[in-house]
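Given chain A, put chain B in place with the hints provided.
There are 2 protein chains.
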Amino acid sequence: MGPGPSDIHPSVLAAMAAPTVGHLDPYFLKIMDEVQSMLREVFQTTNHMTMAISGTGSAGMETCVVNLIEPGDRMVVGVNGVFGGRMAEVAERVGAEVTKIERPFGEVFSPEEFAAAIKKSQPKVVGVVHAETSTGARQPLEEIAKIVHDAGALLLVDCVTSLAGIPVEVDRLQIDAAYSGSQKCLGCPPGLSPVTFGPKALEAMDNRKKKVSSWYLDIGLLRNYWGNNRAYHHTAPINMNYALHQALRLVLAEGLETRYARHHLHHSALKAGVNAMGIHYSVAADVSLPMLNSVLIPDGVDDAAVRGQLLNEFGIEIGGGLGPMKGKTWRIGLMGEAAKKSNVLVFLAALEQCLNKQGVKPSPGAGVAAANGVYLA
Amino acid sequence: MGPGPSDIHPSVLAAMAAPTVGHLDPYFLKIMDEVQSMLREVFQTTNHMTMAISGTGSAGMETCVVNLIEPGDRMVVGVNGVFGGRMAEVAERVGAEVTKIERPFGEVFSPEEFAAAIKKSQPKVVGVVHAETSTGARQPLEEIAKIVHDAGALLLVDCVTSLAGIPVEVDRLQIDAAYSGSQKCLGCPPGLSPVTFGPKALEAMDNRKKKVSSWYLDIGLLRNYWGNNRAYHHTAPINMNYALHQALRLVLAEGLETRYARHHLHHSALKAGVNAMGIHYSVAADVSLPMLNSVLIPDGVDDAAVRGQLLNEFGIEIGGGLGPMKGKTWRIGLMGEAAKKSNVLVFLAALEQCLNKQGVKPSPGAGVAAANGVYLA
Chain A
3 MGPGPSDIHP SVLAAMAAPT VGHLDPYFLK IMDEVQSMLR EVFQTTNHMT
53 MAISGTGSAG METCVVNLIE PGDRMVVGVN GVFGGRMAEV AERVGAEVTK
103 IERPFGEVFS PEEFAAAIKK SQPKVVGVVH AETSTGARQP LEEIAKIVHD
153 AGALLLVDCV TSLAGIPVEV DRLQIDAAYS GSQKCLGCPP GLSPVTFGPK
203 ALEAMDNRKK KVSSWYLDIG LLRNYWGNNR AYHHTAPINM NYALHQALRL
253 VLAEGLETRY ARHHLHHSAL KAGVNAMGIH YSVAADVSLP MLNSVLIPDG
303 VDDAAVRGQL LNEFGIEIGG GLGPMKGKTW RIGLMGEAAK KSNVLVFLAA
353 LEQCLNKQGV KPSPGAGVAA ANGVYLA
Chain B
3 MGPGPSDIHP SVLAAMAAPT VGHLDPYFLK IMDEVQSMLR EVFQTTNHMT
53 MAISGTGSAG METCVVNLIE PGDRMVVGVN GVFGGRMAEV AERVGAEVTK
103 IERPFGEVFS PEEFAAAIKK SQPKVVGVVH AETSTGARQP LEEIAKIVHD
153 AGALLLVDCV TSLAGIPVEV DRLQIDAAYS GSQKCLGCPP GLSPVTFGPK
203 ALEAMDNRKK KVSSWYLDIG LLRNYWGNNR AYHHTAPINM NYALHQALRL
253 VLAEGLETRY ARHHLHHSAL KAGVNAMGIH YSVAADVSLP MLNSVLIPDG
303 VDDAAVRGQL LNEFGIEIGG GLGPMKGKTW RIGLMGEAAK KSNVLVFLAA
353 LEQCLNKQGV KPSPGAGVAA ANGVYLA
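So the protein sequences, as listed, match chains A and B. Using the working numbering, the first residue of the first sequence is number 3, and each one after it goes up by one. Using the working numbering, the first residue of the second sequence is number 3, and each one after it goes up by one.
If we strip away everything but chain A, and leave its shape as in the complex, we get:
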């Protein structure tokens, strides 16, 4: 129940343990085709160039940025958490002129804020974090997408934590490039980063003057391996792709809408439970992420002691705050397989014990009762 990696279904672990074949083996090429096809469904896109980068989510972020940006290109990045800050840093390292628009951790941006920055900077690329894993805030995208496109810029979206937990509508919103991670709501171990690129993003890459600074992450080269040529580029992480393949099968067997609803239900129950114990969310209700519940640590409670007790006595991992939220928030994940009744209920019961040990005495049983109230409604 941390901020990812999330729990893994046994069939995904079993798939990962199948014998390793070669990266150009016809069987593996079929796996790649199916991974691409299933990722398109999850991203809600027909983008041909939809695939899994052979690295974790941050490698996917870097892939998108370094392929879209050339030295001197202007980029606007919304920074309201660690991962927006990281995107700006990655862009600066490859020579982008970055305009950061900033909001305190936990808040989200208005469309007007993006419009003003875009008008001023006339950027090539606008980077937005859809689900800020460091704060639990969901950035509404619809109006921002329109503003970005009206300005002729490319929209790059971080969907690491949102994909397969809340809708990520790549085609409807005309998101030009997006990246995610295997280890959040997709329910696969960490090690792969799904990405998708629309036609305008590919056109921008085709029109580059300079080669991409990273050979490993160069989409121009990766297109020949994941595309029709199947030309050798690097040795793909075979078993990780087996795992992602099976995880995607489970996602689509459940159905995206059902999966989103499940994440929402358990979030509602968890929220009712912690609220009943006197604990408040650190983000506004209308932009709270269902899969990443960021709550304020009650005054006088020892952050590390509670997280240690949860892990050692109950086998429950939750995350601490990142950046300025360190020591101030807990991040409770309900991602993929972990979004289930038994997790919510045992967490609330366990937290009651931990809080009591810290001298905070919530009304006995109130958390579980409130969660059950949601489930029984």
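To be clear, the hints were calculated from the coordinates, so they are not data collected in a lab. Glycine included, every Cβ here is placed at the ideal spot set by N, Cα and C. Worth double-checking, as some hints may not be accurate.
As the list claims (entries may be wrong) - From the structure, some residues in chain A lie toward chain B, with a derived Cβ separation under 7 Å:
{"hint": "1", "residue": "I10"}
{"hint": "2", "residue": "E91"}
{"hint": "3", "residue": "Y218"}
{"hint": "4", "residue": "H236"}
Relative to chain A, chain B alone:
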């Protein structure tokens, strides 16, 4: 029996399928410590900064190059195969002034060739491929290492295919930086790239004027995660590290010297077998790699048809030639678990069938008989 990924021991696959814990979980931190400690043994080094990059071998190559090179730095790279060429390309992309010294595919460099290029270019870094996976050639390192160090340059060595199959003596040769892949002689699925950095390499990184172009591969940041601080950088591929941990346990349980001898034995048997069938190696005997046997395809034999028949009828994968060797060579891997009697014998017997189908008629049973001659000696 391809050029990697190699076969995986069942206990490594089982380890990989263990439940995924968090990347800052105390259990995982212990796994990281042990992976680092075991990698030091395999690299024969005391380098503290020895770890596994969260990507495949090419990501390890890129990590070494982009951390050691700043725009305008001079680098000498030996190019006698695909991977030397790749190293030069990676260096050029981050702005190095690269001097390539070239040799036809399958040949190796003399120390004098490196000495001349180094004298002329006065490079910061010299890149050498120890085991050229594309050609099967082993580059002797000892004299080159001395020349590089006498010139005050840093020695970067590609050990992707050599590590754990032939000696890689990082400390004795004072190799400043080296990278490998998990999926060759280490016997782990692809997805991780072991790297090691000596004190002079770290000093060069500390003295950089500009940030590393890649955030994901920045050793300055990774040192805080794999070093003592355990500060969050990216979400490590947890299960891949479980697999590498178990693979390294098997390597060290066998013992490095025993493992090198095993690779050599099965190479000798394979070589005797194919020679007895009238097939010749594409590299000179004194620089043939035991784990990557590159042989010349006999005249009139259809490359793809033979590889297809081996795969479909016998379940044996071998590699085709890369670059200028495409259609000219086969690359037969004997790496890690795959370096064993049964593989050598069934391959020789199967190849006899395939050659007959192609109209080439080696003396019946000659291949297996010659290999058995080596085993019985």
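Verification of the hints:
Of the supplied interface hints, the one on I10(A) holds, with its beta-carbon coming within about 5 Å of a beta-carbon of chain B, less than 7 Å. A distance limit of 7 Å between C-beta atoms decides the matter here; for E91(A) the minimum to chain B is near 6 Å, and the interface restraint holds. The interface hint given for Y218(A) is met, as the beta carbon of that residue sits about 5 Å from the closest beta carbon of chain B, less than 7 Å. Proximity of H236(A) to chain B holds as hinted, the smallest CB-CB distance being about 4 Å (cut-off 7 Å).
Violation of the numbered hints given earlier is absent; every hint is satisfied by the structure.
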